[in-house]
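Student: Now for the letters of each chain:
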Amino acid sequence: MFRGADVTAKLHHLKKILFNLTFYPLFIIVTVGMFSILVLPALLIWLVIGERPAMRITRWLIVVYGVIVCRGLTFPFVKIKFEDSEPDARLPACIYVCNHRSSSDAFLMAFLKRELIQVVNNWPFKIPILGWVARFSGYLSIRTMPFEEFLKKGKKLLAEGVSIVTFPEGSRSLDQNLRQFNGAVFRLAQIAQVPIVPICLSGNQMVPEKGSNILHPGNIRISKLKTFKWEYFKDWTPFKLKNAARETIQNKVNELEPVNAN
Amino acid sequence: MTEEQIKKMVNEVFEESFEIAPERLKPEAKIFDDLGLDSLDIVDLVVALQKKLKVQIREDERVRQIRTLGDIYNFILALKSEGYVSRG
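Quick note, the sequences are listed as chains A and B, same order.
Residue numbers 602 to 863, in the working numbering, belong to the letters of the first sequence in order.
Residue numbers 742 to 829, in the working numbering, belong to the letters of the second sequence in order.
Hints listed in this document are in silico derivations from the structure and should not be mistaken for laboratory results.
Computed from a predicted structure; not experimentally measured.
Be careful, since some hints might not be right.
[To be verified] Which stretches of chain A does chain B cover? Using the computed rule of at least three CB atoms under 8 Å from a CB of chain B, they are: (1) 775-787; (2) 835-844.
[As the list claims (entries may be wrong)] Label pairs and their computed distance ranges (CB to CB): (3) B/Arg803 - A/Pro693: 41 to 51 Å; (4) A/Ser704 - B/Gln806: 32 to 42 Å; (5) B/Lys795 - A/Ser686: 44 to 54 Å; (6) A/Arg744 - B/Lys771: 17 to 27 Å; (7) B/Ile807 - A/Trp724: 43 to 53 Å; (8) B/Gln797 - A/Glu856: 43 to 53 Å; (9) A/Ile650 - B/Glu757: 50 to 60 Å.
Ideal placement from N, C-alpha and C gives every residue a C-beta, glycine not left out.
This is chain B alone, in the form it adopts within the complex (with noise of 0.2 Å):
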């Protein structure tokens, strides 16, 4: 999985849970404030991100850092570099 098809999943996620425009979903789109999503929001985004990449999400020092969709992007990175992202 290149690094554009997990930037168009992640996006995919939002558009398909969330029904955020496109347009909206840049890397520089800070979560809570320019895209609205709140904490119950976050446990909605954890378990669709797990679905459709086929991820664990777990507990980390990481996930609260988060701040931007870019974040995102990155720690999905982050974890298919460590092996936990499969093609599924």
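Pulled out of the complex, with its shape left as it was, chain A reads as follows (with noise of 0.2 Å):
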């Protein structure tokens, strides 16, 4: 019995080890290769096209990346499955919500497969490369901004079919209970009459865990959860909204967490 848990401690040590050997090279390759290869066409797209154009396409790309890092550079280590509770929803441009486990999180929005910009914090934009692309790309940071300000662009993005994900806990949680939700988004939400859809993401907390670039192997589930239609939260308050989005996707990680759950 104690044998068998020895060996498969140390299986799991010996597949994090190699996990995080292959992943941080080819991460670094791939970024690097495709900023490289794709720069000079984004550029000159934004030239002879427009700034919209260029804009749609290097958020796409953005998204094809995304898909690449974690379903191609994690494998055999990490396996991801994205649940739509709503498969045949065609829904608008939305404003996504989702619970903040790891620095994985950015990139597994890559899942919901649309053009999308991300609310973020002001120092992803000081990473080489990732943030010179987030800016050119118009992801919005919350902290440098009057709300009055954050108001106008998410407006002008999703009135041009660009849905926005944000964290709307600012920082990673420590455990499985989400902290308290900032509530500039649902505002913006009531305001643009946009729907708000939950995304709760669970299994990512160790890929790589809080306050360490170490990626351990796992499952990482993503579940997008049922829409909340303008119409049926326009006469709330930002505070009722923003404290029901968070009820739904905390019951949704207590489900899949049991374990731990409070």
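Put the complex together from the two separate chains, hints included.
Tutor: Shown next, in the form of structure tokens:
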């Protein structure tokens, strides 16, 4: 019994070492490679066809890049399952609100497979290549802009058909209990009259763990939960709306991670 | 207006404006971490408190020190003692 558990632990450790040894070099190669190959065509498209098509293409390339990183570079160490509670729903531009477990969260949003931008802190903009591309493709830094400017830019993006992804906890949760939500994006949804779609991430809290760059093998589940339609929440206070979305995601986390649930 | 009346009215603001259950409204409850308000909600809270309690809440060092529900009670009580609260 002990021997079996010992072997399993050693195997897991070996897989973890292999995972990290293969992932990071490939991550750098893919990131630098895609950037080098695509930066010039993107700039040419910008100059020839205009800003909007260049943005659309860049955002879709980010989706492709995200899927390659999450699906391709983590194989066979991480299995990712995307489940959609409304697979047939044709959503207009909307706001996705997601729990924040790990620095891999932003990459996993590629599985939504639509044109989108993310609302981020200021520090991701400082990451070479990733930060430059994020800035170019219109990602919003909520920490550095007044709420009125955020509203204006958010409304413009949504009107253009671009969805917005946010992590309203603001920083990664330490366990399965979600932090309190910031309500800015929920106010935007009410004013712009767009749906809110809760997304629950589970299993990636060790890919990598907060405060570490070590990736652990495992299973990740991305759950796209039931849409909050604007007609449903238009008369709610932003406070009620953000807490309803938070509760929806928390319930899903508790369902998926019942051992530690409070 | 007594201290108890002020506490009751502040609690009513949280119940009516934010639909927070009365059992969560304890003096030690942290406004951000426990009750879940954010900086934009604080603007709504100030407006609701001014309307309910007929007080004028201005930019004040004491406002920046507020962390808990108990701090709000004490702040409103202090305003009252300074004559900023009327029966209205």
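Student: Hints first: check each against the structure and report whether it holds.
Tutor: Hint-by-hint comparison with the structure:
1. 775-787: holds (count 5)
2. 835-844: With 6 residues close enough to chain B, the hint holds.
3. B/Arg803 - A/Pro693: 41 to 51 Å: For B/Arg803 and A/Pro693 the Cβ distance comes to about 46 Å; the hint holds.
4. A/Ser704 - B/Gln806: 32 to 42 Å: At 34 Å between Cβs, range holds.
5. B/Lys795 - A/Ser686: 44 to 54 Å: holds, 47 Å
6. A/Arg744 - B/Lys771: 17 to 27 Å: Since A/Arg744 and B/Lys771 have Cβ atoms about 21 Å apart, the given range 17 to 27 Å holds.
7. B/Ile807 - A/Trp724: 43 to 53 Å: violated, 29 Å
8. B/Gln797 - A/Glu856: 43 to 53 Å: With Cβ atoms ~48 Å apart, the hint holds.
9. A/Ile650 - B/Glu757: 50 to 60 Å: holds, 53 Å
Checked against the numbered hints listed earlier, the structure breaks hint 7 alone; every other hint is satisfied.
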